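A.B. asks: So the protein sequences, as listed, match chains A and B. Residues in the first sequence are numbered consecutively from 1, following this note's numbering. Residues in the second sequence are numbered consecutively from 1, following this note's numbering.
Quick caveat, the hints were computed from the structure, so don't treat them as lab data. As the structure is a prediction and not an experimental result, all values here were calculated from the model. Warning: the hint list may mix true and false statements.
Claimed, not checked - Facing chain B, according to a computed beta carbon distance under 7 angstroms, are these residues of chain A, among others:
1. PRO26
2. SER28
3. GLY310
4. SER337
5. LYS341
6. ASP408
7. ALA436
8. SER438
9. LYS545
10. ILE546
As the list claims (entries may be wrong) - Covered by chain A, per the in silico footprint, the following chain B stretches (three or more residues, Cβ under 8 angstroms):
11. 51-61
12. 374-387
13. 435-442
As the list claims (entries may be wrong) - Result set (DSBU-like, lysine-lysine): computed pairs, CA atoms no more than 35 angstroms apart in a straight line:
14. LYS559(B) with LYS464(B)
15. LYS545(A) with LYS559(B)
16. LYS428(B) with LYS3(A)
17. LYS428(A) with LYS267(B)
18. LYS223(A) with LYS209(A)
19. LYS3(B) with LYS464(A)
20. LYS545(A) with LYS500(A)
21. LYS428(A) with LYS3(B)
22. LYS3(A) with LYS267(B)
23. LYS464(B) with LYS3(A)
24. LYS504(B) with LYS464(B)
Glycine included, C-beta positions come from ideal geometry on N, C-alpha and C.
Below are the chains, spelled out letter by letter.
There are 2 protein chains.
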Amino acid sequence: MAKQVVVIGAVALGPKAACRFKRLEPESSVIMIDESRIISYGGCGIPYYISGDVSDARELQSTTFHMVRDARFFEQVKGVHVLTRTRALEIDRAARQVLIKDLESGKEDRLNYDKLVLATGSSPRKISLPGSNLENVFTVSGLEEAVKIKDSISRGSINRAVVIGAGFIGLEMAEALIDLWGIDTTVVEIAPQILPGFTSMAMSRMAKKVMEDNGVRFLLNEKVLELAGENSVSGVVTDKRELEADLVVMAVGVQPNSELARQAGLKISNQGAIIVDEYMRTSDPDIYAGGDCVEIANLVTGKAGYFPLGSMANRQGRVIGTNLAGGQDVFPGAVGSFAVKLFDHGVVGTGLSLEKAREEGYDALSTFVVQFDKSHFYPDNDLIYLELVFENNTGRILGLQGISTNKDGLKGRVDAVAVLLPHQPTTKDISNLELAYSPPFSSAMDALNNLGHTAENVLQGRNKEIGPEDFVRLWETRDQQDIIFLDCRDLENAAEYLQKYPDKWRNVSNESMSSNLDKVPRAETIVLVCNTGGRSYESQLRLRKIGIDNTLNVSGGMKLLKKWGLDI
Amino acid sequence: MAKQVVVIGAVALGPKAACRFKRLEPESSVIMIDESRIISYGGCGIPYYISGDVSDARELQSTTFHMVRDARFFEQVKGVHVLTRTRALEIDRAARQVLIKDLESGKEDRLNYDKLVLATGSSPRKISLPGSNLENVFTVSGLEEAVKIKDSISRGSINRAVVIGAGFIGLEMAEALIDLWGIDTTVVEIAPQILPGFTSMAMSRMAKKVMEDNGVRFLLNEKVLELAGENSVSGVVTDKRELEADLVVMAVGVQPNSELARQAGLKISNQGAIIVDEYMRTSDPDIYAGGDCVEIANLVTGKAGYFPLGSMANRQGRVIGTNLAGGQDVFPGAVGSFAVKLFDHGVVGTGLSLEKAREEGYDALSTFVVQFDKSHFYPDNDLIYLELVFENNTGRILGLQGISTNKDGLKGRVDAVAVLLPHQPTTKDISNLELAYSPPFSSAMDALNNLGHTAENVLQGRNKEIGPEDFVRLWETRDQQDIIFLDCRDLENAAEYLQKYPDKWRNVSNESMSSNLDKVPRAETIVLVCNTGGRSYESQLRLRKIGIDNTLNVSGGMKLLKKWGLDI
Numbered sequence: 001m002a003k004q005v006v007v008i009g010a011v012a013l014g015p016k017a018a019c020r021f022k023r024l025e026p027e028s029s030v031i032m033i034d035e036s037r038i039i040s041y042g043g044c045g046i047p048y049y050i051s052g053d054v055s056d057a058r059e060l061q062s063t064t065f066h067m068v069r070d071a072r073f074f075e076q077v078k079g080v081h082v083l084t085r086t087r088a089l090e091i092d093r094a095a096r097q098v099l100i101k102d103l104e105s106g107k108e109d110r111l112n113y114d115k116l117v118l119a120t121g122s123s124p125r126k127i128s129l130p131g132s133n134l135e136n137v138f139t140v141s142g143l144e145e146a147v148k149i150k151d152s153i154s155r156g157s158i159n160r161a162v163v164i165g166a167g168f169i170g171l172e173m174a175e176a177l178i179d180l181w182g183i184d185t186t187v188v189e190i191a192p193q194i195l196p197g198f199t200s201m202a203m204s205r206m207a208k209k210v211m212e213d214n215g216v217r218f219l220l221n222e223k224v225l226e227l228a229g230e231n232s233v234s235g236v237v238t239d240k241r242e243l244e245a246d247l248v249v250m251a252v253g254v255q256p257n258s259e260l261a262r263q264a265g266l267k268i269s270n271q272g273a274i275i276v277d278e279y280m281r282t283s284d285p286d287i288y289a290g291g292d293c294v295e296i297a298n299l300v301t302g303k304a305g306y307f308p309l310g311s312m313a314n315r316q317g318r319v320i321g322t323n324l325a326g327g328q329d330v331f332p333g334a335v336g337s338f339a340v341k342l343f344d345h346g347v348v349g350t351g352l353s354l355e356k357a358r359e360e361g362y363d364a365l366s367t368f369v370v371q372f373d374k375s376h377f378y379p380d381n382d383l384i385y386l387e388l389v390f391e392n393n394t395g396r397i398l399g400l401q402g403i404s405t406n407k408d409g410l411k412g413r414v415d416a417v418a419v420l421l422p423h424q425p426t427t428k429d430i431s432n433l434e435l436a437y438s439p440p441f442s443s444a445m446d447a448l449n450n451l452g453h454t455a456e457n458v459l460q461g462r463n464k465e466i467g468p469e470d471f472v473r474l475w476e477t478r479d480q481q482d483i484i485f486l487d488c489r490d491l492e493n494a495a496e497y498l499q500k501y502p503d504k505w506r507n508v509s510n511e512s513m514s515s516n517l518d519k520v521p522r523a524e525t526i527v528l529v530c531n532t533g534g535r536s537y538e539s540q541l542r543l544r545k546i547g548i549d550n551t552l553n554v555s556g557g558m559k560l561l562k563k564w565g566l567d568i
Numbered sequence: 001m002a003k004q005v006v007v008i009g010a011v012a013l014g015p016k017a018a019c020r021f022k023r024l025e026p027e028s029s030v031i032m033i034d035e036s037r038i039i040s041y042g043g044c045g046i047p048y049y050i051s052g053d054v055s056d057a058r059e060l061q062s063t064t065f066h067m068v069r070d071a072r073f074f075e076q077v078k079g080v081h082v083l084t085r086t087r088a089l090e091i092d093r094a095a096r097q098v099l100i101k102d103l104e105s106g107k108e109d110r111l112n113y114d115k116l117v118l119a120t121g122s123s124p125r126k127i128s129l130p131g132s133n134l135e136n137v138f139t140v141s142g143l144e145e146a147v148k149i150k151d152s153i154s155r156g157s158i159n160r161a162v163v164i165g166a167g168f169i170g171l172e173m174a175e176a177l178i179d180l181w182g183i184d185t186t187v188v189e190i191a192p193q194i195l196p197g198f199t200s201m202a203m204s205r206m207a208k209k210v211m212e213d214n215g216v217r218f219l220l221n222e223k224v225l226e227l228a229g230e231n232s233v234s235g236v237v238t239d240k241r242e243l244e245a246d247l248v249v250m251a252v253g254v255q256p257n258s259e260l261a262r263q264a265g266l267k268i269s270n271q272g273a274i275i276v277d278e279y280m281r282t283s284d285p286d287i288y289a290g291g292d293c294v295e296i297a298n299l300v301t302g303k304a305g306y307f308p309l310g311s312m313a314n315r316q317g318r319v320i321g322t323n324l325a326g327g328q329d330v331f332p333g334a335v336g337s338f339a340v341k342l343f344d345h346g347v348v349g350t351g352l353s354l355e356k357a358r359e360e361g362y363d364a365l366s367t368f369v370v371q372f373d374k375s376h377f378y379p380d381n382d383l384i385y386l387e388l389v390f391e392n393n394t395g396r397i398l399g400l401q402g403i404s405t406n407k408d409g410l411k412g413r414v415d416a417v418a419v420l421l422p423h424q425p426t427t428k429d430i431s432n433l434e435l436a437y438s439p440p441f442s443s444a445m446d447a448l449n450n451l452g453h454t455a456e457n458v459l460q461g462r463n464k465e466i467g468p469e470d471f472v473r474l475w476e477t478r479d480q481q482d483i484i485f486l487d488c489r490d491l492e493n494a495a496e497y498l499q500k501y502p503d504k505w506r507n508v509s510n511e512s513m514s515s516n517l518d519k520v521p522r523a524e525t526i527v528l529v530c531n532t533g534g535r536s537y538e539s540q541l542r543l544r545k546i547g548i549d550n551t552l553n554v555s556g557g558m559k560l561l562k563k564w565g566l567d568i
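I would like the entire structure built from these sequences, with the hints used as guidance.
C.D. replies: The following block contains the structure:
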């Protein structure tokens, strides 16, 4: 039987649900409304439009075959009727009607529905700052706003920008501003790290260093108090200083647009997101919701999660489209994978970071592996830096994060673990993960397998290791301690440190250690370092065999410490 | 309690097992023997040594920190005693002894063992050909042989090479010969396709085309009868012709080296591989075996499988090392993932190809998706061509294969499915697979998700599609049929074909179809084409709605057909 479906919101989820439904039930009718004039664009592409990688805003709104996905396109090609510049004012669930208003004419109207889809998305979180209404203060809220930012920049009068917030969008915007436009860019973040909540402290340090090496300046642990200026913004006042700025981008996260749902009496979470079941139905079975306005299950923690991401929205849209047509597709939840390009590096992760896992109450550990993406003898290989987060005792995998200049190679490894996370894999599964292999693609023992091995050795107490933060703590207090840093590499690698730190740095290469045990220094604490942590692990075993067990192995070795920004 | 472990074979699995065991039980002793002088090298790297990507053979034998893994290295660094140029003649299981022979001195000796590891590997399969003992006829059997091949080539007298066998090694060798050395290279393969048993006919056509575009010549369905020449090879005689050749590489697969195990009365499969349990133990619990000489479970078919691959050997070696030390690690089997670089392309797969799945008795289907690796608006994106193999009715995923110039991006997608295969995923799981997303890494709806969608639509009878072979069959017999090829793209794309084939080619773009239904041609069979199969699928639904259901949608569209080599 033909239905009338109304879809509120015409970006990502809305169009996907509408079109899928129309393909399944061409005899039914769909009306999709949106407040904006521009609809169905790739919002995640906005930073690349600002950076010039995408030259024309319309490309973000186009199909692969270069048709603009505007109201006319949906009408003629997809059979979906679209009302732009139209706001949904109210849902009358009893009457199954949506009260709408034409934002141009001000005229109100009512749309009947058999099934309703809420694709209301999210809005940039607003921090109430004096001066936030000044000119050249922007959020990244949509394509229309993005066009304004680019217009403002391309007039050439912008010299200094401040980005507030070091989340994904903030970092992508910072890269866009400095990379194409050469604008002196500072990112101010209230948290003690970039990408807070997503990456570990260690990984965020590595990511920050990449950005800094490319000219972005960061002010962490710093709170913006107000924006200064007369008409146009001229400065940013923080709790620590005043920054000059003729452009300010506020990117402090997003919040679900759930007001309409709340007013209609639908169940809303404490965090303000619409609650849906695994069929993407709200508490009213005739109303579906998905995308940035809903919360779904976090398949790692089992708790509710909020994942405002275009890929989620698209996949949820298809599930809704299927179910509108009487299907029973489920969207079981998400593990929270992410990918972000930062200049020539990718930072990719899934599941929980170490700190997040501990926050969630897990007895969590992490370990690092630094390894080439390809067989080490194969030319043009890139290093991949991976951090595996796992539960103590059980060895359950909680998350994986990485950084590398081989962005696709990194993402492939993270994805391989991400898709397994709902199956609750353990370190043993990672140890023995079957990944396609030949030398131009990976080592015979891939970095991921080695990560599993290392985690197992840590769990079994065989590998007693420390991460970069612990290393630095020990290093900085070395003069107050009976501590020695034993370099397990060849003299060639160690020489520089031996010379600089004659009291604290020693060298016995792992390979020569068995015949040089008398040269191994004794101290209350012996920190073992090599290039990536593998040889120093062997040394740790070697020393344990002769009764020296007060050693700490630096996970990921000097390569990791340097990537992290250690300069000793 | 300290043990005596003997390891027979010192490449890949042997060293891995030996070193892992020694790390776990440093008090035990390990003797590793090998017939060759050169041990512990990356055999998979041989084609890249031939091609010059790896300039020195020693690099294949070196650690990441540039130490050569020779007998001395294992002795001093790993505590593993190595006997090179030593053959194991016989295993005396009752006495727990291995009878060995020094190939230099001819002296025989006996080694006692508590536990024995068979890492005897595989040998190139020999076809009994007249002339195979001629000079410049090689197999790719080890590093010493590889050095001979390279020496022979670098003397500059080789102009024409014939590679017998179009498996992975054959193709890698062909690339090496033509790419660096400019040698006129022909590959002769007895099967009707390259990579027989691994890739589908369709995928192998695409791979072959890449090789041909780079100058490699293929002779399929052709059997080599003899090699001609006096001292050195001068030609190859097949059942169809005689080829000039001053170098012949025989690469017709490998066979497990299981003779020693067979003589010792261990269980051997009909295919000649050593049978092991999931702890990698042979039928004698004191004897472990792994790598190219064993068979393990195929986790897709549930039957025994043979996976001679360096990555398998390494991972199995670690399991054996752990279990030698009293551990209980398991190696549950493999799904059979592979990756091969062919010039600027990668071909990567996992599980079963379409033909292989049908051979195994599955009611198997496959579908193609051709999509950009990144968001389509993001610059510098590469196309990924994927083929998903799934079971009719159940939708169970049986395999995935692909080809792309984004080798790592392709491998990442295949790996994400590979690691799930043991969990028996269905098309729905692929539809909704959570992969890390942002525009520089993928589309919001990744190619893999779309592959799941397409498979679902096929399973539900909604998308009635054909692959490239069926298309060609229909195309070639078009004059004997009431058939029309309806191009669902814009006139701009269709014009060329309309002009060339005015009788059979028609054009009504998908986007204009609803208002041009009168222009849709009628015929007994209507084949719908667009660029990648998406718009033509929409057209198929559109036409079905008005009662035209005799349509066939070309999976993967014109992009796939062209990649496949169709020239119309």
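A.B. asks: The structure should be examined with respect to each hint, and the outcome stated for every one.
C.D. replies: Evaluated hints:
no.: 1; hint: PRO26; verdict: holds, 5 angstroms
no.: 2; hint: SER28; verdict: violated, 12 angstroms
no.: 3; hint: GLY310; verdict: holds, 4 angstroms
no.: 4; hint: SER337; verdict: holds, 4 angstroms
no.: 5; hint: LYS341; verdict: holds, 4 angstroms
no.: 6; hint: ASP408; verdict: holds, 4 angstroms
no.: 7; hint: ALA436; verdict: holds, 4 angstroms
no.: 8; hint: SER438; verdict: holds, 5 angstroms
no.: 9; hint: LYS545; verdict: holds, 5 angstroms
no.: 10; hint: ILE546; verdict: violated, 10 angstroms
no.: 11; hint: 51-61; verdict: holds (count 4)
no.: 12; hint: 374-387; verdict: holds (count 5)
no.: 13; hint: 435-442; verdict: holds (count 8)
no.: 14; hint: LYS559(B) with LYS464(B); verdict: holds, 18 angstroms
no.: 15; hint: LYS545(A) with LYS559(B); verdict: violated, 61 angstroms
no.: 16; hint: LYS428(B) with LYS3(A); verdict: holds, 25 angstroms
no.: 17; hint: LYS428(A) with LYS267(B); verdict: holds, 28 angstroms
no.: 18; hint: LYS223(A) with LYS209(A); verdict: holds, 21 angstroms
no.: 19; hint: LYS3(B) with LYS464(A); verdict: holds, 26 angstroms
no.: 20; hint: LYS545(A) with LYS500(A); verdict: holds, 31 angstroms
no.: 21; hint: LYS428(A) with LYS3(B); verdict: holds, 25 angstroms
no.: 22; hint: LYS3(A) with LYS267(B); verdict: violated, 65 angstroms
no.: 23; hint: LYS464(B) with LYS3(A); verdict: holds, 26 angstroms
no.: 24; hint: LYS504(B) with LYS464(B); verdict: holds, 20 angstroms
Hint compliance for this structure: hints 2, 10, 15 and 22 are not met, and every other hint is.
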